[in-house]
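Residue numbers (the numbering used here), protein chains in the order written: chain F, 1 to 138; chain Y, 1 to 230.
The set of hints was computed from the structure by calculation and includes no laboratory data. Model, not experiment: these values are computed from the prediction. All residues carry an ideal CB built from backbone N, CA and C; glycine is no exception. Mixed in with the good hints, there may be bad ones.
Stated by the list, open to error - Cut-off 20 Å, straight-line C-alpha distance, at most; resulting in silico cross-link-like pairs (DMTMM-like, lysine to aspartate or glutamate):
hint : chain 1 : residue 1 : chain 2 : residue 2
1    : F       : LYS106    : Y       : GLU174
2    : Y       : LYS178    : F       : GLU103
3    : Y       : LYS111    : F       : GLU103
4    : Y       : LYS178    : F       : GLU105
5    : Y       : LYS134    : F       : ASP3
6    : Y       : LYS134    : F       : GLU103
7    : Y       : LYS224    : Y       : GLU188
8    : F       : LYS108    : Y       : GLU167
9    : F       : LYS92     : Y       : ASP181
10   : Y       : LYS164    : F       : ASP39
11   : F       : LYS106    : Y       : ASP181
12   : F       : LYS108    : Y       : ASP181
13   : F       : LYS87     : Y       : ASP73
14   : F       : LYS115    : Y       : GLU188
15   : Y       : LYS46     : Y       : ASP67
16   : F       : LYS115    : Y       : GLU119
17   : Y       : LYS168    : F       : ASP3
18   : F       : LYS106    : Y       : ASP172
19   : F       : LYS108    : Y       : GLU166
20   : F       : LYS115    : Y       : GLU180
Stated by the list, open to error - Which residues of chain F face chain Y? A few of them, derived with a C-beta cut under 7 Å, are:
hint : residue
21   : LEU12
22   : PRO81
23   : LEU101
24   : LYS106
25   : LYS108
26   : GLY132
Claimed, not checked - Every beta carbon over 10 Å from chain Y, so not counted as near; a handful from chain F, in silico:
hint : residue
27   : ASP44
28   : ASP46
29   : ASN48
30   : THR60
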Amino acid sequence: MTDRLTQLQICLDQLSDMFFASLSYVDQNHAAVRLTEGDEMLPDPDHNPPPETEFKANLTELTSDIILKTRQILTIIDTLPGVGVSKDEQLKRIESLSQELAEIEKQKAQTLQRKEKLGSMVDDLIVQVSEGIAQTRD
Amino acid sequence: MSDLISSLYPPPPPYVRFFTAENVQRAAELRRQHGPDADKVLSETKDLRFLVPPLPPNKPQYRSFGDIWNFEDKFITLEESGIQQLYEEADNVEEETFTVERIEELKKMTKSLLLNFLEFTGLLAKNPAQAHVKIEQIRVILINLHHLLNSYRLHQSREGLILKMEEKIRNDTETIQKIEDTCLQVEERIRSLVWREKDVEVEHVDNSQNTEPSREQIVESVRKSVLEGA
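So that you can see chain Y by itself, here it is in the shape it has in the complex (with noise of 0.2 Å):
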């Protein structure tokens, strides 16, 4: 056993030893000559073979660090993990939503949880050969428990989104409502200097008071109050 975990990684697989630049150069020769056959030739060559590449998996699962995976990431259900499921549930309802009752479903099993363990102290003070049976029990609580608050993830996420797009809608229409503002403001404030400058003028020339003045009678008027004001 000691001679087995003696290097900190695993020394690397026989076959890198094939991988030589000879060969490389060697399978790249073979390809151009065979064309779509190259696979072929190569794999009953000698010492080529491992130069093919592998084909992709064909099975749903592989197997890594002991566990088995799924190539396709998928909701398993408890069923399909072999642990009981403690809710009920209509049989209609996507896995995905989430549903008032399943908050129900989520307070009642903390409480059942609670209780549990207490009753698992009661056992392990009176008949701790029974506690095994208890320590069961809550590990399936357990799993149901972040069972179904992972099943919510997906909602939340979407629901997270709601939240984060309303936000920026808000704080969008703010800040038009600010810019808007402001502008107004500046606006209003060339419109007073004009004007102030215009009541003046009104003796003297009656028929400029319901055009618009143009932009050098704005510069002009503008500019005579600023005068004035110095």
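Next up, chain F with everything else stripped away, as it sits in the complex (with noise of 0.2 Å):
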């Protein structure tokens, strides 16, 4: 998944995208209309409009997908993470982090050992108790 930032920039891309998508839509598909009452109209083989309510109920489903599209938008704009820290404040918080981060290595690094030394241990154990198991069955 990427970053809420380049999520938020596709999706501005997106809108505009849509915003060209239903322009061209409704300049291709709009019926034709008479400029003066009692014209004529002159059927045109290139020209195959969809039925009135066909068109009608896409241009409902450009327009509301625009909108969920922004709604989308705005909400991905609250989640922005880290809103009014200042750089400073970023900073320094990532200063006393990476100093955590050493400290829980180290304290990572003797707990291994231990396990290791308790491994080698238990390892002693068992080899000697049956070592003696061994011997008592002789």
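Can you join these two chains into the complex? Each is in its own frame, and there are hints to help.
Laid out in structure tokens, this is it:
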């Protein structure tokens, strides 16, 4: 998944694409209108507009898509992280976190060492106990 | 025009024909002879002029693919790129930080974008001749939006780094905790094996109660309890 900012930028681009797409749709599919009342409608073989209801339905879909995209953009804007935090604060936080991280790394190394020790002790125990068992069974 | 685009790649620049093995060798020789002045001598010698490497550019900008670029990466303000800035801002705000006001501006501009599109469609229907004005306004709004978002980029990178570090610390703490738990369990198990045996022994040897059992004692008692269990 990309980060929020890239997401937002993609959404904006999509929104402008949708603007263009809906205009193109209207441009290419609208029905012809008489200029003066009573003119004869000449059929144009290159222009086949969809029936009025379908055209309206598509318009509704296009507009609701645009509204939804806008809402999505607004939502993403609301979830942008770290708003109102200044650069200095961020840098300080990074500083303290890196110290904490170093501390944790040390602790982890110690714990791993302890685990190793315990492991070898258990190994010893097993070997000694099994040797002992072997001897008593003789 | 057609002969200009006859090949996929443009032909090499004409000066390549000076880069012969012979010339390169001559240049190397001249360089050895003249030391630090070699460049000057070379540039005065016929055929060898182009073998002097060009100086690094001394201007702040260069042209490429028909655009002007800065050598140095820097943040270009809207004003510098000749676009009207639609949002207001306090003077002392750094470009790199992100304030609550900017969020508000982003939202305002998004809504304004929608409204402008609506007006644009209306204009196209009623008076297409005026539409270009609206197109320009929509363009400016979009550029402003993208500009604000881009100025947020660095801020987000730092924020992302912080989140990653926090996650790493959390994961490490968890791992440490798990390892310690397991260690404790193992120790507990060993101890229980030892003490089970001890309870039996207590009747015989009283003084062993308060002292930590030695390694041999542990081994011995574990062995016994394992044997008993078997």
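Status of each hint after checking the structure:
1. A threshold of 20 Å between alpha carbons decides the hint, and for F:LYS106 with Y:GLU174 the separation of about 14 Å falls inside it, so the pair holds.
2. At roughly 18 Å between alpha-carbon atoms, Y:LYS178 and F:GLU103 fall within 20 Å of each other, so this suggested pair holds.
3. With a C-alpha separation of about 48 Å, the suggested pair Y:LYS111 and F:GLU103 falls outside the 20 Å cut-off, and the hint is violated.
4. Simply put, Y:LYS178 and F:GLU105 have alpha-carbon atoms about 15 Å apart, close enough for the 20 Å limit, and the pair holds.
5. A threshold of 20 Å between alpha carbons decides the hint, and for Y:LYS134 with F:ASP3 the separation of about 32 Å lies outside it, so the pair is violated.
6. Using a Cα cut-off of 20 Å, the hinted pair Y:LYS134 and F:GLU103 is violated, with the two alpha carbons roughly 58 Å apart.
7. About 17 Å separates the Cα atoms of Y:LYS224 and Y:GLU188, which keeps this hinted pair within 20 Å; it holds.
8. Restraint check for F:LYS108 and Y:GLU167: the C-alpha separation of about 15 Å stays at or below 20 Å, so the hint holds.
9. Between F:LYS92 and Y:ASP181 the alpha-carbon distance is near 34 Å, which puts this suggested pair outside the 20 Å criterion.
10. Between Y:LYS164 and F:ASP39 the alpha-carbon distance is near 70 Å, which puts this suggested pair outside the 20 Å criterion.
11. At roughly 18 Å between alpha-carbon atoms, F:LYS106 and Y:ASP181 fall within 20 Å of each other, so this suggested pair holds.
12. The hinted pair formed by F:LYS108 and Y:ASP181 meets the criterion: a straight-line CA distance of about 13 Å does not exceed 20 Å.
13. Restraint check for F:LYS87 and Y:ASP73: satisfied, since their Cα atoms lie roughly 19 Å apart, inside the 20 Å limit.
14. A C-alpha spacing of about 14 Å is found between F:LYS115 and Y:GLU188, which places the hinted pair at or below 20 Å, so the restraint holds.
15. The straight-line distance between the Cα atoms of Y:LYS46 and Y:ASP67 is roughly 35 Å, outside the 20 Å bound, and the hint therefore fails.
16. Under the criterion of a C-alpha separation no larger than 20 Å, the hint pairing F:LYS115 with Y:GLU119 is inconsistent with the structure, at around 70 Å.
17. Among the hinted pairs, Y:LYS168 with F:ASP3 is consistent with the structure: their alpha-carbon atoms are about 18 Å apart, no more than 20 Å.
18. The straight-line distance between the Cα atoms of F:LYS106 and Y:ASP172 is roughly 11 Å, inside the 20 Å bound, and the hint therefore holds.
19. With a C-alpha separation of about 16 Å, the suggested pair F:LYS108 and Y:GLU166 falls inside the 20 Å cut-off, and the hint holds.
20. For the proposed pair F:LYS115 and Y:GLU180, the alpha carbon gap of about 8 Å is at most 20 Å, so the pair holds.
21. A distance limit of 7 Å between C-beta atoms decides the matter here; for F:LEU12 the minimum to chain Y is near 6 Å, and the interface restraint holds.
22. A cut of 7 Å between beta carbons decides the hint on F:PRO81: the least distance to chain Y is about 5 Å, and the hint holds.
23. The beta carbon of F:LEU101 comes within 6 Å of a beta carbon in chain Y, closer than 7 Å, and the hint placing it at the interface holds.
24. Hint on F:LYS106 is violated. Least Cβ distance to chain Y is approximately 11 Å, over the 7 Å limit.
25. Contact between F:LYS108 and chain Y, as hinted, is supported at the beta carbon level, the nearest pair being about 5 Å apart and thus within 7 Å.
26. Evaluation of the F:GLY132 hint against chain Y yields a held restraint, the C-beta minimum of about 4 Å falling below 7 Å.
27. Non-interface status of F:ASP44 relative to chain Y is upheld: no Cβ of that chain comes within 10 Å, the nearest being about 21 Å off.
28. Separation of F:ASP46 from chain Y is adequate, the least Cβ-Cβ distance of about 21 Å exceeding the 10 Å criterion.
29. No Cβ of chain Y approaches the Cβ of F:ASN48 within 10 Å, the least distance being about 22 Å, so the stated non-interface status holds.
30. Non-interface call for F:THR60 relative to chain Y: holds, since the shortest CB-CB distance, roughly 14 Å, exceeds 10 Å.
Hints 3, 5, 6, 9, 10, 15, 16, 24, counting from the list given before, are not met by this structure.
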